[in-house]
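Protein chains: 2
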Amino acid sequence: MKFTCTQLALVKAINTVSKAVSSRTTLPILKGILLEVNDGRLTLSASDLDLSIQTSIDVQSTEEGKAVVMARLFGEIVRKLPNALITVKTDDEKLNIQCLGSDFNIVTLSADEFPVIGGVEAKDFIEIDKADLCGLIRKTVFAASIDEKKGILTGTLMNFEGSNLELVALDGFRMAVARNTVNSTLNRRIIVPARILFEINKILGEDEGSDQVSMAIEDKKIEILTEDTRVIARLLEGEFIKYREIIPSSANTTVIVAREEILNSIERASLLAKEGKNNLVKFDIKAGSLDISSRSEEGMVNEHVGAEVTGKDLVIGFNSKYILDVLKSISDEEIKFEMGSSVSSCLIKQVDGDEYIYLVLPVRIAV
Amino acid sequence: MKFTCTQLALVKAINTVSKAVSSRTTLPILKGILLEVNDGRLTLSASDLDLSIQTSIDVQSTEEGKAVVMARLFGEIVRKLPNALITVKTDDEKLNIQCLGSDFNIVTLSADEFPVIGGVEAKDFIEIDKADLCGLIRKTVFAASIDEKKGILTGTLMNFEGSNLELVALDGFRMAVARNTVNSTLNRRIIVPARILFEINKILGEDEGSDQVSMAIEDKKIEILTEDTRVIARLLEGEFIKYREIIPSSANTTVIVAREEILNSIERASLLAKEGKNNLVKFDIKAGSLDISSRSEEGMVNEHVGAEVTGKDLVIGFNSKYILDVLKSISDEEIKFEMGSSVSSCLIKQVDGDEYIYLVLPVRIAV
Chain A
838 MKFTCTQLAL
848 VKAINTVSKA
858 VSSRTTLPIL
868 KGILLEVNDG
878 RLTLSASDLD
888 LSIQTSIDVQ
898 STEEGKAVVM
908 ARLFGEIVRK
918 LPNALITVKT
928 DDEKLNIQCL
938 GSDFNIVTLS
948 ADEFPVIGGV
958 EAKDFIEIDK
968 ADLCGLIRKT
978 VFAASIDEKK
988 GILTGTLMNF
998 EGSNLELVAL
1008 DGFRMAVARN
1018 TVNSTLNRRI
1028 IVPARILFEI
1038 NKILGEDEGS
1048 DQVSMAIEDK
1058 KIEILTEDTR
1068 VIARLLEGEF
1078 IKYREIIPSS
1088 ANTTVIVARE
1098 EILNSIERAS
1108 LLAKEGKNNL
1118 VKFDIKAGSL
1128 DISSRSEEGM
1138 VNEHVGAEVT
1148 GKDLVIGFNS
1158 KYILDVLKSI
1168 SDEEIKFEMG
1178 SSVSSCLIKQ
1188 VDGDEYIYLV
1198 LPVRIAV
Chain B
838 MKFTCTQLAL
848 VKAINTVSKA
858 VSSRTTLPIL
868 KGILLEVNDG
878 RLTLSASDLD
888 LSIQTSIDVQ
898 STEEGKAVVM
908 ARLFGEIVRK
918 LPNALITVKT
928 DDEKLNIQCL
938 GSDFNIVTLS
948 ADEFPVIGGV
958 EAKDFIEIDK
968 ADLCGLIRKT
978 VFAASIDEKK
988 GILTGTLMNF
998 EGSNLELVAL
1008 DGFRMAVARN
1018 TVNSTLNRRI
1028 IVPARILFEI
1038 NKILGEDEGS
1048 DQVSMAIEDK
1058 KIEILTEDTR
1068 VIARLLEGEF
1078 IKYREIIPSS
1088 ANTTVIVARE
1098 EILNSIERAS
1108 LLAKEGKNNL
1118 VKFDIKAGSL
1128 DISSRSEEGM
1138 VNEHVGAEVT
1148 GKDLVIGFNS
1158 KYILDVLKSI
1168 SDEEIKFEMG
1178 SSVSSCLIKQ
1188 VDGDEYIYLV
1198 LPVRIAV
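Chain order of the listed sequences is A and B. Every number in the working numbering is 837 more than the matching position in the first sequence, counting from 1. Every number in the working numbering is 837 more than the matching position in the second sequence, counting from 1.
One thing to keep in mind: the hints can contain errors.
For chains that are exact copies, the list does not tell them apart, and a pair is met inside one copy or across any two.
[To be verified] Subject to a maximum C-alpha distance of 25 Å in a straight line, what follows is the list of computed SDA-like cross-link-like pairs (lysine to any residue):
#	residue 1	residue 2
1	LYS849	GLU1098
2	LYS1119	ASN942
3	LYS1173	GLU913
4	LYS986	LEU922
5	LYS1079	ALA1203
Derived by calculation from the structure, the hints in this document are not laboratory data.
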C-alpha cells in the first residue's frame, strides 16, 4: 500500500472514524484504524462492534493494499505534521509516514483480524435532511439514561410514522420528544443507543458533503450514509415505553418566559442549589411573574423573572439540571411551561408549534 | 457596608485577588475575600500567607464598612450575573447582592479574623517596565522545581546588579537565566517562590494600568505595586546556587536553527519518546543538518531539520520536555545550541544578544 494526500484531508478522515475507536476495549485490534487503498481512494474504518464508521478520501496511489495502525498514535502523528503532502506506505510490518523532513515508522496490526464491517440489507430506506436529523438528535439524546444497566432507557426511539419522524429519550426523571416532517411513507420504530446518536450528530455536523443523508434500516442495525462516510450502528432490542400515554393532556398553570432569561436565572440559582440535595430550585408562580429560589448553608438566592402566567398560582420544585438540559438544547426565544400541580409532571413546549415536548418530574418540596 | 459598581469591574477585581486564595488551606478564613469600602473605593484582599493581593476599584458607596465572603461562591455568583450595575450590602451576618432580578444573600465570615496584610518597610525600591518584568518571569519560572521538598530550588533568583537584572531558576536538570536592563543602582539578590512569580506574571498581564510597576524589597518580603493592585510575596531564605560557575564557557559544536521548526520536530519526535523512559530524543548533528530521532515499542521517528552547524559532529540525547520548555518560553526566530560533548551540559542562547541562557543536562544514550 502506498498513497499521498494532504495532511488536512487525512486529519479530517482520522477524526471522523476515531469516534468509533474503543478506548476501553480488551481487543487490541479495536484500538486500530484500518487503512485500505483501492482505485485512488483511501478508506479508513474503525469499529467498537456497536458502532462502525468508514470514510473515504481521494489520494494519489501507486500501490493498493491495506494495513491497521493504532488510532491514537496515528492520529497524534498526522495532527502534528505540517499541512503539506503526506506519503504513507507499508514497509514490512511497519507503516512508513513521510512529510517534508519527518519520517515515521510505526507498528501495524494484522488487517485480517480487523472486523468485517458488513453492509445493511435494507428493507427500509429513507432520505433525510442532515440538519433536521442533527436537530432531532440534539433535542433528545441528553435525556436518555447513561447508566448501562438501564437497558432500553439508554436508547433513543426513532418513531417513523409516514411523513412524521419523532425521536424520544427518557431516563425515568425526564423525557424529551422532538418531531420533524420527513419525505417518507415508512412506519417503523427502532431504538438506537443514545451514545451512538450523539457520535452520529458530531460526524454529520463535521461532514462537508451533501445536505441529505440516507438511512437504511434492518432488524438489528441502521446504516447512515453521507457522500464520503458510512456509519453502521447496532440497534437496541426491546419494547420502548408507551411515551404518549405519560404526557398530561391538560394543565392548571401555564407560564410563557424568555428562554435565555430563565436559563441564566436557573444557572445562578443553581450556584446555591448544587450544594444541597437534588440541585433543588423552587419555582413560585404568581400572576405576571415567576420567582426561582434556592438555599443552602452558604446562603440563599431569589431570581425574579418576568413571565406571562395563566391559571392557578403554583409552588413547585425541580432538579435544576433537568430544566437546564432542556433550555440548552433548544433555541426558541420564548418557551412555555405547563403544569398541573406541585406533584405532577411539568411540560416544556414551543409557544407556537409542536417541534418538541419535554416532560420533567418535580421534586417534592416542603412548602 | 454598601456599594454599587458594574459587574465587569467587580469580576476583574475578584479574578485578580483570587490568585492568592488558597484552595487547600485548613483555615476557612483564607478561602475568603475581604471587601472593604472607604472613600468611594472598594478594596478586595486575599492571602494564602505566602502571597497576598489587594486591588481597588471605584464604586458608588453610601455606607463604609467591611465583610469577608467565600471567594469561590462570591466569584461564581458575580461572574454569572449580567453585565449591569450590582449593589452589594451587608445585612446582619449576610452579604446581600442585587442585580436586576437577582437577589443573593450569602454567609459572611468575621472580618476581624482576616490576616492583616502589612506593607513593606522598603529599604530598597525600584521601578521596572511591566512588560520587561513579565518577560523575565516567563523566560525562567518554568525551570524551577515544583517539588516542595526541594527548598531553594522552588524559587527564582532575582539578581539586581546595578542597571542589570537577572532572573535565574533551576531544578538540577536544567537552568534558565534571563536578563534585562533596569533603571536602578541597586545591588541585591532575593529569591521569590516561582509559584508566586507565576501568579504575579498573570496579574501584571491582566493589569490595565500604567506600563511601570514599583517594587519595594525588605528582608523577608517583596511588594509589587501597579496603579490599582498591590502584591506582597514572602521571600525564600537561603543561599542560591553559584549559577554562573556552572555555565560552560566554550563549546565544540554549535548549531543555529529555526526555533519553530525544531520545536515542531521535537514535539513530533516526542510522540514516540514519551512512551519510553525520560522522553528521550536523540540529536544527531552533522555538518549542515540535525536529525532528531526517537523510538519505542510502537515505532520510530526521524526528523530532519536544516541547521547551520559549526565544529565537531555530535550525537547527544535529551529529555525532550526540557528542550521544549525552553523553545516555548522564547520567541526569537532563530536560536543557538552550544555543546561540548555528549555528556556535558548544552546551552541554548540567542544568536545575537544575551537576553537569555538556558542550560540543559543531556541524557546518557547507548550510541
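For each hint, the structure was consulted:
Only between protomers do LYS849 and GLU1098 lie at most 25 Å apart by alpha-carbon distance; the minimum there is 24 Å, versus 37 Å within a single protomer. For the identical chains of this complex, LYS1119 and ASN942 are inter-copy neighbours only, at 16 Å across copies versus 61 Å inside a copy, given an alpha-carbon limit of 25 Å. With identical chains, the CA atoms of LYS1173 and GLU913 are never at most 25 Å apart, being 46 Å at best within one copy and 28 Å at best between copies. When the C-alpha separation of LYS986 and LEU922 is checked against a cutoff of 25 Å, the pair qualifies neither within a copy, at 47 Å, nor between copies, at 49 Å.
In this assembly of identical chains, LYS1079 and ALA1203 lie within 25 Å of each other by CA distance neither inside one copy nor across copies; the values are 32 Å within and 69 Å between.
In this structure, the hints that do not hold are numbers 3, 4, 5, in rising order.
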